[in-house]
Amino acid sequence: MKTQLTVNRTRHEIEADPRVTLLDALRDHLGLTGSKKGCDHGQCGACTVIADGRRINACLSLLAQHDGSEIVTVEGLEGADGLSPLQRAFLDHDGMQCGYCTPGQLCSATAMLDEVRNGRASHVTEDLEAPVTLTRDEIMERMSGNLCRCACYSGIVAAIEEVAAE
Amino acid sequence: MTLEHQIDGPEDEGFARPDGNGPLGADLERRDGAAKVCGAARYAAEHHPDGMLHGVLVRAPGLGPVRLVNADEITAIPGVRRVFHDARMIRNAAQGGAGKAPVQGVKAAAYVGQPVALVVAEDFATACEAANRLRVEADGADLPVHPKAGEPDPDKTKDKTTGDFDTAFSEAAVTLDVTYTTPAMVSAAMEPHAAVAEWDGERLTLHGALQMLRDNKAELADCLGLAEDKVRVLSPFIGGGFGSKLGISADCVAAALAAMELGCPVRVVQSRRQVFEVNTRRTETSQRIRLAADRDGRLTAIGHSARVSNLPDESFSEPVLQGTAFTYAAPNRLLHSELVRIHRPAAGSVRAPGEAVGVTTFEAAMDELANEAGIDPVELRLRNLPEVEPGSGRPFSSHRLAECLTEGRDRFGWDGRSPEPRQRREGEWWIGTGMAAAVRVNMVSDAEARVTLTPDGRALVESDMTDIGTGSYTIFGQIAAEALGLSPDDIDVVLGDTDLPPGSGSGGSVGAASTGTAVWLACEEIRRAIAGRMECAPGNLTMAEGHATCGNDRRVLQDVLSGQPLKGHGKLAPGAAMKKVRQATWGAVFAEVAVSDVTGETRVRRMQGTFAAGRILNQRTARSQAQGGMAWGLGLALTEALVHDRRDGHAVNRDLAEYHVPVNADVPHLDVRLLDEPDDWAGPLGAKGIGELGICGSGSAILNAIHHACGVRIRDLPATPDRVLAGLA
Ligand code: FES
Ligand code: FES
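Taken in order, these protein sequences are the chains called R and V.
First residue of the first sequence: 0, per numbering that gives the first Met the number 0; consecutive thereafter.
First residue of the second sequence: 0, per numbering that gives the first Met the number 0; consecutive thereafter.
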């Protein structure tokens, strides 16, 4: 079947088996291998992409569900003048070792900062009425869907704190 | 030409040494970082040659003889190319450093979940469906799967006795006799094992997720009956290994033989559940620790015995007592270890095999002894540090444990801690602090590297060495820049290809120091050639800012090279130093925890680690390694346990939903301090391994803090809420 979608500002039409996930479509059909497959079951966050402004696990979504979607993957995070502030901060704080979780962390963090801007509460938000303050606990909570076995959490949190403060 | 060196002692053979002012050691950005944050780094499964087919492994549902029930029906599914049930397929991943095929065969399953077939199809969805529909039957042989049911292997039983343990233990003023258990664990690297194999009729090219390419090439060739020079393995990016990618894995062998039979490239990626079972796990352990001390806390006797397990025909036996052998002095010592043969998935090296579980339990026992004797835990350790290695009497190449303990104590703010447990409460939370020493043996491995100084004044470093997140790319660039007087930006580093000189591979924390030293030697050879051209003694040559200088003769590198590249080849071998001295890395870890009196949950509030591992090659990447190790200690103490079914031994919680690796919210900021000190017995760089040290003891800092917080002593790891709560009741 055919699916039309926009990935990183480029329109694509993909002809694929209906069983193909969004993740496999990105990696195998479009050659966008930046999005990683760590579990294929929604358990690790390595496949996180931004679909219509929300972070999702691309392994848990079928390509066929995304007809007309706008997808942003790690390959689309760079701006006109180079690395995004989060990408830059991950390098400065060494928020990676093997790098396999990194694309998912970056897409997740990018969308997470938007969620906070939009006042979306998390499990650790104290006051559900007030605007969200992005404390360290908030970052840790909101980033816990992205596992990092190299355990670069100290660097990841420091990088996000720095960008959030700007 | 090749400059060969083996490390026999602290003598330097006239090699240049880093002066401490150059790029080596600096806090530099990861060289491969930009590719990683942009998604441009390509891992094994991301190679997609034209006409590539997709293979999915199918595994045995039970023990004993197996047969495929409906292979013909599966082969007939449109898009399916073939069902392989091939005797060359391997039972489980090879052990680290094997260099030859592991146990092969598909006719009987030695553990539940053993791969016995490969289904190959034109697309991934079809391959998955066909693999799901392939029916495999197993006889269900009655084999021991529980460590209590297994027989000890007489070849793996080890005893080491010094003095008279029994008398010392019975006469001591303070004694402790406790048994700790640690569960099976897995590496759970984020990248699943994956292989893309291509066969051109003569030579096999394999993109794999592997740590030790030199050995992996030999293992793969042996599995397939090919000559080694007919196999090329590439792993320029690896999504973590932690031991699980040391040996050739089932996906690689299956992909390779399918590619050879079908004449098309074949990709095989292990599913997450396969990753949990068909590669090697950390063994579960049962450890009895007996300590005897005088009134001042001076140890008079140490007894440590350990029982571990593995599948039949696996050589690996977790060296649990490795750290106990040299950490503390005591005249009377009784060390005993044994291995039972059982039919669970194979055990092998997982980050810091031996010390990760052996030091963790021992340091928890030391905390118990400190309590018994009424001595501060840091002080107890300081009182028992040996002058020379106990038993052998060998000197230490460098001993920094005391400094780690005292510096860590100050940095953490340990003083003023109440010696009694259950003294601090905040709402439902008990607050406490704990500490542990960290030790890990240091090893050296054979390693080669090539450096080419190109006519434009840049340099190229090449080796089949891997970077599994450890920072190899970055530090090799720094090493070459330091040696050749260039900026790290002037260096290119190419790794992870067996067509390049064989490095040490990444395992046992040897990579940075061993292959790094080979890079240094290759540069030394270039320096000697340049000195020759300038007619001065190598010792009088200085290379800095792109210039070579001998006395008054200062030349820009391009002039020295006059249009021709200059190559150096370094070859390092372990030498007599490994025998003459005990070489190790040292550390101390401190933790503060909060334990809920209501749920038994433990939250780690802060953690400090002070480590000494020779010369630090890059502050930033070394710090990340240490933090990673500390977080693994947290997992070991609180969350990680692979559970095996009592009936058939299969891994029950074989995915990332059920096997709990620490997540962001579990891990507080990890404060790391590195004591930088070149170890003269570690070759011209003076560097040692740091990738594993962080996990060797850090878990017990948390366990000890739990006891200090709420008075509950957890001896069966991990300290999950149910266990802590049972102690609180
Ligand atoms: S690959 Fe999608 S969550 Fe793990
Ligand atoms: S950097 Fe390796 S898993 Fe996160």
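Read the hints as simulated data drawn from the structure, not as lab findings.
Fair warning: there could be bad hints in the mix.
Stated by the list, open to error - Pulled a few chain V residues facing chain R out of the computed Cβ check, cut under 7 Å:
1. Thr1
2. Glu3
3. Glu190
4. Arg271
5. Ile467
6. Arg619
7. Ser623
8. Ala630
9. Asn663
10. Val666
11. Leu669
12. Leu673
Built from N, CA and C at the ideal position, the CB exists for glycine as well.
Determine which of the earlier numbered hints do not hold for this structure and return their numbers in increasing order. Of the numbered hints given earlier, those the structure breaks are 1, 2 and 12, listed in rising order.
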